[in-house]
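Student: Construct the entire structure; sequences and hints are all you get.
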Amino acid sequence: MLARGFCTYTVLDGAAVPVRKRRGFVEMAVARWSPFADVQSHVEWVGDRAMVWAWSKSQVEAVDGVESRPSPRRARPESLFRGEPRASGDELVTLEEGFEGRVWRDGVMTASCWWPQVPSLGEWNEFRRGAGLPPEAAAPVAVASPLADRAWTTPKAIGVGEAFGRYGGMLALAAVGIGTAVVCALLVGVLALKVSIWQLDRDIAEREQSLERIIDARDGAMKARAAIDARIAMRPPAGQVELLALVSGLISGNWQLLEWKVPDAQTLEMTARMANPDPRAIVSAWEGSGRFSAVTAEIGRQPDSVVVKARILRAPLRKGTGK
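Heads up: take any position in the sequence shown, counting from 1, add 293, and you land on the numbering used here.
Treat each hint with caution, since some may be false.
DSS-like cross-link-like pairs, simulated, lysine-lysine; straight-line CA separation at most 30 Å [claimed, not checked]:
1) K516 - K314
2) K602 - K350
3) K350 - K516
Calculated directly from the structure, the hints in this document are not laboratory data.
Tutor: This is the structure:
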């Protein structure tokens, strides 16, 4: 089971895609929409609409202790085991870690957002506006939902007697309809039936050919994008001029650069002179910028010098938050 905080969420419309091709359609759509390079996902279909949770495989494996565990055959988000599906409306559900806002339409969770704490009224109304709902005057009340034994998308089995009791009227109407259809079929001429079948087969074949061309074009575009991404990944995370500008903005006060080394494309080592150097503040500022990791800062040979080493990170893409 995967914590909701690791996931992003979206809904895909597959009404125009044949059932046998929906798996490939979802894989291509998730690859284009997801902000993760090593994306994994879970999909639940409700009619012609797919509810999709996506996450980064490396981010999940980076959690303490995960490396020593065997990889699960199937990961499913915690959201599926909290609460119940609704026909419409919105709700704030309490999770093991954090809270999840949900908006429902026609039995589909059309929008979802995760917060580490109970969202403020402003955050809640921003989420509602993004889902096409008007703002509210009061902050939401979180609903405590215990962890269920099975996902709320799992069909609930009913007995034969209950099925007849619940759907008896519909079954009777269906029986009448079937009988009427049989009588009508006997009255229809063989020639008219064959013509109708031929026209239907031709229409289906034309639609499938059109969808095949669209999917083939998408396959080609995805392959081209993968080749471009591979070439971009070979570039250094940042150039020398960009690094100098970043470092200048991260170290406050008056200081003097004594030594600057880039042993490889992803490593920076520098020595600077400054009054009363604070290694802890330097490490915090560098790692907080999102452009450096594994930062170390040590007092140099002179008490007014500091040696900083760090791993250079590529500038993140500007994409949405975990909605």
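Student: Decide, hint by hint, whether the structure agrees.
Tutor: Hints versus structure:
1. K516 - K314: holds, 19 Å
2. K602 - K350: holds, 28 Å
3. K350 - K516: With Cα atoms ~21 Å apart, K350 and K516 stay inside 30 Å; holds.
Checked against the numbered hints listed earlier, the structure breaks none of them; every hint is satisfied.
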